[in-house]
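K.L.:
Please construct the entire structure, taking both the sequences and the accompanying hints into account.
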Amino acid sequence: MKALITAAVLALGLPAFAQQQEAKPLGPGREALAIPHEKYKLPNGLEVILARDPKLPVVAVNVWYHVGAYNEQPGRTGFAHLFEHMMFQGSKHVPDDVHIAMLEQLGANDLNGTTNFDRTNYFETVPSNHLATALWLESDRMGFLLDALDEKKLRTQQEVVKNERRQGYETRPYGLAQEKLWKALFPAPHPYHGKVIGSMEDLNAATMEDVKAFFRTWYAPSNATLAVVGDFDPKEARALIEKYFSTLPSGPKPEKPQVAPVKISGEKVIRHDEKVGTLPMVVMSWLTPPYLTEGDATADVLANALGTGKSSRLYKRLVQDKELAQSVSAHQQSLGAQSVFTLEAVARPGVTSDALAKELDAVLEEVRREGITQQELNRARTRFETQMLAGLQSVGGFGGKADVLQSYNHYTGDPGFLDEDLERYDAVTPEKVRAFAREYLRPDARVVLHAVPSQNDSAPAAKETH
Amino acid sequence: MRRLFVAVSLLALAAACRTAPEPAPEPSQPPASEAPATPPQEDPEAFRNQPPKPGEPPELVLPKFEQAKLDNGLTVLVSTRKELPLVFVGVAFASGGSQDPKGKWGLADITYKMLLEGAAGKDSQTLDQAFQDLGVSPSVSVNPDGAFVGVRVLERNADEALALLSDVVRRPNFAQKDFERRKKLQLAELVRAMGSPGFLAQQAYLDAVFGPAHPYGHPVSGLPATVETVTLKDVKGFYQKNVGPRAAALVMTGDVTLEEAVALAKKYFGDWKGSTTPPPLPPEPAALPRQQVVYVPKPGLDQTVVVVGRPGVAVGHPDEYALELATTVFGGFFGSRLNMNLREDKGYSYGAGASTDARLGVGPLTASSAVRKDVTGPALTEFFREMKGIRERPITQKELEAAREGLIRAIPGGFESVEGLGASAAQLFFLRRPMDEFARTVTGLEKATPAEVQRVAEKYLGPDAMQVVLVGDPEVIQQQVGPMELGKLTPREPVAPPKR
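Taken in order, these protein sequences are the chains called F and G. The first sequence begins at 342 in my numbering and counts up one residue at a time. The second sequence begins at 23 in my numbering and counts up one residue at a time.
Keep in mind that the hints were calculated from the coordinates and are not lab data. Values in this document were obtained by computation on a predicted structure and should not be read as measured data. Some hints here could point you the wrong way.
To be verified - Negatives, chain F to chain G, calculated, CB over 12 Å: (1) SER591; (2) LYS597; (3) PRO631; (4) ARG710; (5) GLU711; (6) GLU772.
Said to hold, decoys possible - SDA-like mimics (lysine to any residue), calculated; alpha carbons at most 20 Å apart, straight line: (7) F/LYS396 x G/GLU177; (8) G/LYS206 x F/SER668; (9) F/LYS651 x G/LYS144; (10) F/LYS396 x G/LYS86; (11) G/LYS206 x F/GLU664; (12) G/LYS144 x G/GLN198; (13) G/LYS420 x F/PRO436; (14) F/LYS433 x F/LEU490; (15) F/LYS657 x G/LYS199; (16) F/LYS493 x G/ASP367; (17) F/LYS651 x G/PHE196; (18) F/LYS651 x G/ASP155; (19) G/LYS104 x G/SER446; (20) G/LYS104 x F/THR727; (21) F/LYS657 x G/ARG203; (22) F/LYS657 x G/ALA197; (23) G/LYS206 x F/ASP662; (24) F/LYS651 x G/ALA142; (25) F/LYS657 x G/LYS206; (26) G/LYS205 x F/LEU665; (27) G/LYS104 x F/PRO395; (28) F/LYS521 x F/VAL793; (29) G/LYS199 x F/ARG658; (30) G/LYS368 x F/HIS426; (31) G/LYS75 x F/ALA578; (32) G/LYS86 x F/PRO398; (33) G/LYS104 x F/MET729; (34) F/LYS584 x G/GLU64; (35) F/LYS396 x G/SER446.
Built from N, CA and C at the ideal position, the CB exists for glycine as well.
P.N.:
See the structure below:
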């Protein structure tokens, strides 16, 4: 409701408008989860979210650009992330390589930029007297990146990102196997096809023209949201935001491409010859409802019952009782277009991935038949609520207050969606979990990956395991 | 190189702004030096040319730790933070992996992990379910100087969590069946770890720097052959010898006061008996001149893991803070000499860094990176160039001030969470530091003089005593590193996991 009102006012093109959002009264025991904040928009379209938290003399500055790997062009996978690297390379008024160094030397924490399928973000938590510096740095790259761009910077960051890819995929156990699985879940030309990091080939192909076009299309103030959370004076913060961001030119908010949901008909099985990992692994993935839509919270609850803790269903059966698996996990990766529910098990030495798959299926069958218990559901709820509260301890960084506000704002338009988010979990029932397992976790609508170290691999460790 | 110097000179600019803190200037008045003859309205964006002046620095808020002792010798460590109804509850133990007996590496790790395999007659499932009902899964971390088990819970669940933790710590089941299972799990985990180039590097590195006889010379997880020999009797013996109220601390942080924590400690640990005391300090290893370059062959690996280092200092050593500053300038920040060279200038790596780990005994001083395989030799050359560079291009006042200010000012933000406070409290206990350690850290960082920092930089970052460990394609290493004459190239096969 609140989100709709805000949007309507903004659509009328009113000048910078803000209204203190009184934190909604949350359910009993949930009062501590309220995040009082205000949201307004500059005339150039930049959204601003302010939330005061004077606990420590630090302030988080966090910018989300509403662009991710989802918005890449075919043949340019990995571009959104490569571009993120370019945002640290200097802009018109900020010399090369200075952005991070300057923040580090004034005592910043939680300083980074990240890209996922749906968005790209940049954040730093600085001592409270350095808010202006953080805003200066963020505004300069939002407004003046292209003035300082050159070919050498692009070439260097292409190399850096290719090294990041080598570290995360080529030389990491199961890295390439996981990539294959993902590509099978989202066949080209789906915009989630390929991992966020992109392929070596596409990374090599990126040109200066690509960088410029990407910046002009997606990095306009109208496609960004700035959150400032922490120990600041609201009047002063508003004045600084006005000073640094209001003159940045903007265009219309770019349209988000609409893509039809993928449907998997028939099981796809991948057998990957694993060169790095030493133990066989099996992964099963299904396409599930998008983040915050019906079924997404149910999937979280089920994942918790299946894979979290020693008494979870998969751990108990595969690791503890049968001693077939070395580790198990279950999780719902919630995404804007379509989510992915995954079960994963790594085998003990001498155990095959097929034997593990059989056990995973047996546990799944049980859930499809009987659902989960009320107690399992309660445990999951307590855990999520504790985690949610714990996230609010930090003003910035991964999962901190700024990120929570930004995330809700990105997906729903309402930074204060936390209450509704928790209500989703309240609404889950054991029966809903059972129905979810039946409807979505079907054997004929999944991708199964077997990553099996080759018998005659030259890696001595792998050889010894058989 | 150019890029590095540009960065450094800009750091100077910002550092100058910070040392003279003033209220932010009027936006319409750029500094006089900026555009002396130009009317201000000509370029409305000219104000962006200078970094803003920071406001008055806020008072440095350091985490506050309080301590009490029960009659039985149990330490109670508390850091109160009331903003959210969250409490971190944990128990820290004064013995870690460095106390593994010879030939039984991994014993400390298995022993502490056995605590969660059942306690007070509850089997591991029932115990885990009890924690799950509180919304948490406890985990144990074991490091060379100590171990820590704990959970973050809603304030209303703190009493119950503590009741469970006291069972875990004081009344472990140590059942034979559970031990066999845990041991097999640990052995299989080592098999899995052999797939990770980073783990292989760590294993070879500890051996190269400390030697296998030193308490820090092996990974805490042990090696397949040493874990294989561990028995339940060993586990019980380790527990008897190392776990007791005089060698443990109850850690509570968050929405709890010292008084409340002491009351809870008495309730759950007051009648805990035992005379175990913390173990002696690990000896100080010599930093020997490098004779060899150790490499772990992984044919076909796309990157080479490079780890370079030597013994550094013990916690509390007079050089500790000067060395922290020197290491930060060298490789401790993103903007450090090493990272700017290997990543931002050369594009050899996704990142390169260095750190000093001041342990109870002498901890390692380490620089590392994963580099593209075909630049293994050139990357190693740059590591050494930067080490020599410390002497040839002494640490500037500007670099030093940037590191000093960065390290000090980052402290408050590092303590936002109750779990962060808890982990720090546990560190204070393992490392036997006073409760005002963070104030001492700030003083130590503030007082280190440029001459002192340069002296320790030259002493500890000198290339000759730096051991080198590489994990990567053996052919590439031989071709590229062999001719560099850094020492005899010595292959080290990964320790074969057991056949089972």
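K.L.:
Does the no-contact call for F/SER591 survive, Cβ to all of chain G over 12 Å?
P.N.:
holds (15 Å)
K.L.:
Is it true that the CA of G/LYS86 sits at most 20 Å from the CA of F/PRO398?
P.N.:
Judged against 20 Å, a Cα distance of about 15 Å means the pair holds.
K.L.:
Regarding the pair G/LYS75 and F/ALA578, is the alpha-carbon distance no greater than 20 Å?
P.N.:
holds (15 Å)
K.L.:
If you draw a straight line from the CA of F/LYS651 to the CA of G/PHE196, is it 20 Å or shorter?
P.N.:
holds (17 Å)
K.L.:
Check the hint pairing F/LYS651 with G/ALA142 against an upper bound of 20 Å on the C-alpha distance.
P.N.:
holds (17 Å)
K.L.:
Need the status of pair G/LYS104, G/SER446: alpha-carbon distance at most 20 Å?
P.N.:
holds (18 Å)
K.L.:
Next pair to validate is G/LYS104 with F/THR727; report whether the Cα-Cα distance is within 20 Å.
P.N.:
Holds - the C-alpha atoms of F/THR727 and G/LYS104 are around 16 Å apart, at most 20 Å.
K.L.:
Given the hint that G/LYS199 pairs with F/ARG658, does the C-alpha gap stay at or below 20 Å?
P.N.:
holds (16 Å)
K.L.:
Need the status of pair F/LYS651, G/LYS144: alpha-carbon distance at most 20 Å?
P.N.:
Judged against 20 Å, a Cα distance of about 13 Å means the pair holds.
K.L.:
Holds or violated: are the alpha carbons of F/LYS396 and G/GLU177 at most 20 Å from each other?
P.N.:
This hinted pair holds, its Cα atoms lying about 18 Å apart.
K.L.:
Taking the closest pair, is the beta carbon of F/GLU772 still more than 12 Å from chain G?
P.N.:
holds (21 Å)
K.L.:
For the pair supplied as a hint, G/LYS368 and F/HIS426, is the alpha-carbon distance within the 20 Å limit?
P.N.:
holds (15 Å)
Checked against the numbered hints given earlier, this structure breaks none of them.
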